[in-house]
Each structure stands twice: as structure tokens, then as C-alpha cells.
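Taken in sequence, the protein lines are chains E and R. Those letters in the first sequence? Residues 45 to 260, per my numbering, in order. Those letters in the second sequence? Residues 45 to 260, per my numbering, in order.
These aren't lab readings, by the way, just hints derived from the structure by calculation. As the structure is a computational prediction, the values presented were derived from the model and not from experiment. One should not assume that every hint holds.
[To be verified] With a straight-line Cα cutoff of 27 Å, these simulated BS3-like cross-link-like pairs (lysine-lysine) come out: (1) E:K203 with R:K74; (2) E:K169 with R:K169; (3) E:K74 with E:K178; (4) R:K203 with E:K74; (5) E:K215 with E:K133; (6) E:K84 with R:K133; (7) E:K169 with R:K178; (8) E:K158 with E:K203; (9) R:K178 with R:K158; (10) R:K88 with E:K234; (11) R:K219 with E:K88; (12) R:K230 with E:K234; (13) R:K234 with E:K219; (14) R:K133 with R:K178; (15) R:K158 with E:K203; (16) R:K230 with E:K74; (17) R:K230 with E:K203; (18) E:K88 with R:K215; (19) E:K219 with E:K203; (20) E:K203 with E:K230; (21) R:K203 with E:K158; (22) R:K88 with E:K215; (23) R:K88 with E:K203; (24) E:K230 with R:K230; (25) R:K203 with E:K88; (26) E:K219 with E:K230; (27) E:K84 with R:K203; (28) E:K88 with R:K230; (29) E:K230 with R:K133; (30) R:K74 with E:K178; (31) R:K169 with R:K234; (32) R:K219 with R:K234; (33) E:K88 with R:K84; (34) R:K230 with E:K84.
[Claimed, not checked] Now the in silico label distances, taken between C-beta atoms and shown as ranges: (35) E:N124 with R:K234: 29 to 37 Å; (36) E:E176 with R:L177: 46 to 54 Å; (37) E:N124 with R:N124: 44 to 52 Å; (38) E:S165 with R:N120: 31 to 39 Å.
Glycine included, C-beta positions come from ideal geometry on N, C-alpha and C.
Number of protein chains: 2
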Amino acid sequence: MPKETKKNDVSYSVIRRLPRYYRFIGELLKQGTVRISSGKLAEKMSLTASQIRQDLNCFGGFGQQGYGYNLTELQNEIGNILGVHEVKKAVLIGVGNLGRAIAAHMDFAEYGCKLAGLFDSDKDKIGETAAELKILDISELENFCRRESPQIAILCIPKSSAQQIADRLVKLGVKAFWNFSHYDIKISHKDVVVENVHLGDSLLMLSYGLNHSSEE
Amino acid sequence: MPKETKKNDVSYSVIRRLPRYYRFIGELLKQGTVRISSGKLAEKMSLTASQIRQDLNCFGGFGQQGYGYNLTELQNEIGNILGVHEVKKAVLIGVGNLGRAIAAHMDFAEYGCKLAGLFDSDKDKIGETAAELKILDISELENFCRRESPQIAILCIPKSSAQQIADRLVKLGVKAFWNFSHYDIKISHKDVVVENVHLGDSLLMLSYGLNHSSEE
Numbered sequence: 045m046p047k048e049t050k051k052n053d054v055s056y057s058v059i060r061r062l063p064r065y066y067r068f069i070g071e072l073l074k075q076g077t078v079r080i081s082s083g084k085l086a087e088k089m090s091l092t093a094s095q096i097r098q099d100l101n102c103f104g105g106f107g108q109q110g111y112g113y114n115l116t117e118l119q120n121e122i123g124n125i126l127g128v129h130e131v132k133k134a135v136l137i138g139v140g141n142l143g144r145a146i147a148a149h150m151d152f153a154e155y156g157c158k159l160a161g162l163f164d165s166d167k168d169k170i171g172e173t174a175a176e177l178k179i180l181d182i183s184e185l186e187n188f189c190r191r192e193s194p195q196i197a198i199l200c201i202p203k204s205s206a207q208q209i210a211d212r213l214v215k216l217g218v219k220a221f222w223n224f225s226h227y228d229i230k231i232s233h234k235d236v237v238v239e240n241v242h243l244g245d246s247l248l249m250l251s252y253g254l255n256h257s258s259e260e
Numbered sequence: 045m046p047k048e049t050k051k052n053d054v055s056y057s058v059i060r061r062l063p064r065y066y067r068f069i070g071e072l073l074k075q076g077t078v079r080i081s082s083g084k085l086a087e088k089m090s091l092t093a094s095q096i097r098q099d100l101n102c103f104g105g106f107g108q109q110g111y112g113y114n115l116t117e118l119q120n121e122i123g124n125i126l127g128v129h130e131v132k133k134a135v136l137i138g139v140g141n142l143g144r145a146i147a148a149h150m151d152f153a154e155y156g157c158k159l160a161g162l163f164d165s166d167k168d169k170i171g172e173t174a175a176e177l178k179i180l181d182i183s184e185l186e187n188f189c190r191r192e193s194p195q196i197a198i199l200c201i202p203k204s205s206a207q208q209i210a211d212r213l214v215k216l217g218v219k220a221f222w223n224f225s226h227y228d229i230k231i232s233h234k235d236v237v238v239e240n241v242h243l244g245d246s247l248l249m250l251s252y253g254l255n256h257s258s259e260e
């Protein structure tokens, strides 16, 4: 299967761009668009048509000269690569402001995830409901994970408690961390998949941009 | 001033790494570290010593052979470049789950920002308090901005209302957007600074990593 071979050759920088393609294609489909030329897609995404052709050629022949891309096929293929078609269970640890917002705000199903459990150590929060789930005592984590086998953990806890929790989760079979905790999980767990979110870094880049905007 | 000249030559890819340096240096200072060698810093940041030396050399002579980096000086210099020493006022629009979390969770002062106003159009939210600020009616946006002159807007509103709000804010002198709304502000406002946060893209990269982790 030549397509498969091609897929494995895709560079990480192309992969990093896939979520953005996936997002734009999803929006176009919602608006009822069925096909789009690389030129039109480039315009919408502020890229060049040749960059788009290069990127999307990595995944096989979805573009047809003069016909453009079939968006349903393209979404399906990119979705396959991103793994959104296999539902993965996730637990969220730390239901403070941020954890509660992540639980309520994200449409997990859209990303191939199912939020299966919320945990906190704060007695005042335990038993409350967020995102239609009852917040469980962190002491129940072991039993829950043995029963539900979540693959993903979303850490919305302070850095100080993150190491201990990450150690417990890895022991329980969690393979991937969506990490808002600022603790570097990779230090003790080289083999897990980690996606760090540092909102502060993003705000600093905004500050930098503002600080230097008059220079341009 | 040779340092100034150097600063302007710094490539964007180095700039993109600065928030992370700034964060690690801040943590080391909190722990009481005064100086650190490029080797030790590299270890903590999972970089190579030579990459660190190359990056930080862009900003002048903070490293001394055999003495390491003076962390206070380095933090100060990187902070200057990132603009954290001039306090900029920000307004946050949309105090739903995410907006409330951003308002409450972020230590804005640490990033040279001051959250000055929260706005929503939902009558049930207006008058409530979040992050020690009273939520104001979006109809008061014009008066507020004329009085307070915020430079930054944090958009936590749905894509559908983002364009109209962004247009109003740009007219009111807002120069920078921390954009959680998925609307592409740059389309109609080329000159403003925009930092987009797409939490879904990050979750998709996690899904990708999990989907391909067995291949490595």
C-alpha cells in the first residue's frame, strides 16, 4: 500500500500543521463546502497554495488538478492520522477554575476523546458535578483506572503535586498526558506522550509582539 | 550600543523560545539559585548546552566561562525583551467557563499585564464578580475603553460574535488580542498583534502521539 508508506515518511513539521488543516476543513464542511482548490484553501488559511499542495500530497491523492480537494475524504484521512476515530478515555485531575473550564468547554468527542472521570482532593469539591460528571475523590483513582482503563490524563493541578499524581497514573497504565501543570513529566517518564500547555508562554509572546509592534 | 543592535537581529525562532527560558529562570530564582552553567540549565530544559549558549548569546554577555549565567540579570534582560516590565491593561470579553478560568487562573502581573475589565452580554452574568472584578455589560465597552485605554483584549467568546467585537476593540485602540475565539482576527486587522490559542489543536497532537506511540 503506497499510501501507508507515504504516511510514515511525513515529517514532524507537517504533522504539527495537521490539527490546523483538520480544523479549517471541519469548518468548511460545516458551511456546506464539498470541494476546495488549494488556492482557495491557501487564502483562507493564510498559506501559499504550493505549501498546501506539498503538505497534503504527503497523504496521497486527494487533490485533483482542476477539481480541488474532496474535503470529506481529506478530513477522514487527516482524522485517521490524528487518531480521532478511535475513542480514548480520559481522566481529568484537579477541578479548579482551569480544570472545570477544560471539562466544560472542550468538545472531547470531536477529538476522539471521552472524558470519563474527574478527580480532586478538595473535600468541598468531591461529590459536586462538572461537565455532567461527579467529581471523585483522588483516593478512588486506582479503582477507577483499573475499571475504566483511561489512556489519557489531563493534569490541571499545581506543579507541586503533579509528580506524585503522574507517577500514580503511569503505574495505572495512562499513556498520554495533556499537561497544564508546568511539571515536566518527561523527566521521570520518558515513554509517555506529553502535550504541555503553557498559557503564560502564549501571553508572553503577546506581550513581546505588543512591545515590538511599533518597530515593524 | 552593541547590545541593542544584537537584540534586533534575534531571529523569531529564538524569540519563540524566550518564554520558556523566562519560565525556567523564574523557577530557578524562586528555588534560590543565583548562577547556573549552560550545561546544568540544558539538563533542566532538555536542550543542549551549545543551543543554550547560542540562544542566550543573542542578548549579550550574561554567561561567563567558568561562572555560568547570572540568573537575575538574564531574567531581567529577557523580561525586557518580552516587555513584562511595562504594565499593559487588558480587558477580557466573554466570562463563560473558559473566560472565568483565564481571569482567575492567570497571574497577569507576572506577565506585565493588568486585567482591568471583564465584559459579557449575558444579563445573568453582568454584575457578578470574577477574579475580583465586577462583570460589566458589553454595552459599556466603549466608555470603559475610552477611560482606561486597554492595549490588550482577551477574547473568550464564540467565533460567531468575535468579528464584531474585534472590530469594536480595534476602533477603541486595542493593539493586541489573546484570542481563544477561533476567529481569525488578522483577516480584517492586519496591524494588530494576535496570539491564537487553539486548545483543540493541542489535544489533537496528543491524540496523534498516542496513536503513533507504539511505532517509535
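Checking one constraint from the list: CA of K158 of chain E to CA of K203 of chain E, max 27 Å. Satisfied? holds (25 Å)
Hint consistency between K169 of chain E and K169 of chain R [alpha-carbon to alpha-carbon, up to 27 Å]: holds (22 Å)
Satisfaction of hint between K88 of chain E and K219 of chain R, Cα-Cα up to 27 Å: holds (23 Å)
Given hint K215 of chain R paired with K88 of chain E - CA-CA distance at most 27 Å: Measuring from Cα to Cα gives roughly 24 Å; hence the hint holds.
Straight-line alpha-carbon gap K219 of chain E to K230 of chain E, limit 27 Å: holds (12 Å)
K88 of chain R paired with K203 of chain E [C-alpha distance capped at 27 Å]: Holds, because 15 Å separates the two Cα atoms, which is no more than 27 Å.
Given the hinted pair K203 of chain R and K88 of chain E, is their Cα-Cα distance within 27 Å? holds (15 Å)
Tell me if the straight-line CA distance from K203 of chain E to K230 of chain E falls inside 27 Å. Between K203 of chain E and K230 of chain E the Cα gap is close to 14 Å, so the pair holds against 27 Å.
Keeping to a limit of 27 Å between CA atoms, is the pair of K169 of chain R and K234 of chain R held or broken? Roughly 32 Å between the alpha carbons, so the hint for K169 of chain R and K234 of chain R is violated.
For the pair supplied as a hint, K230 of chain E and K230 of chain R, is the alpha-carbon distance within the 27 Å limit? At roughly 35 Å apart (the allowed maximum being 27 Å), K230 of chain R and K230 of chain E break the hint.
So if I understand the rule, the pair passes when the alpha-carbon distance is 27 Å or less; does K74 of chain E with K178 of chain E pass? Violated, at about 32 Å.
Given the hinted pair K88 of chain E and K84 of chain R, is their alpha-carbon gap at most 27 Å? violated (44 Å)
Going through the hint list in order, the structure does not satisfy hints 3, 6, 12, 13, 17, 24, 29, 30, 31, 33 and 36.
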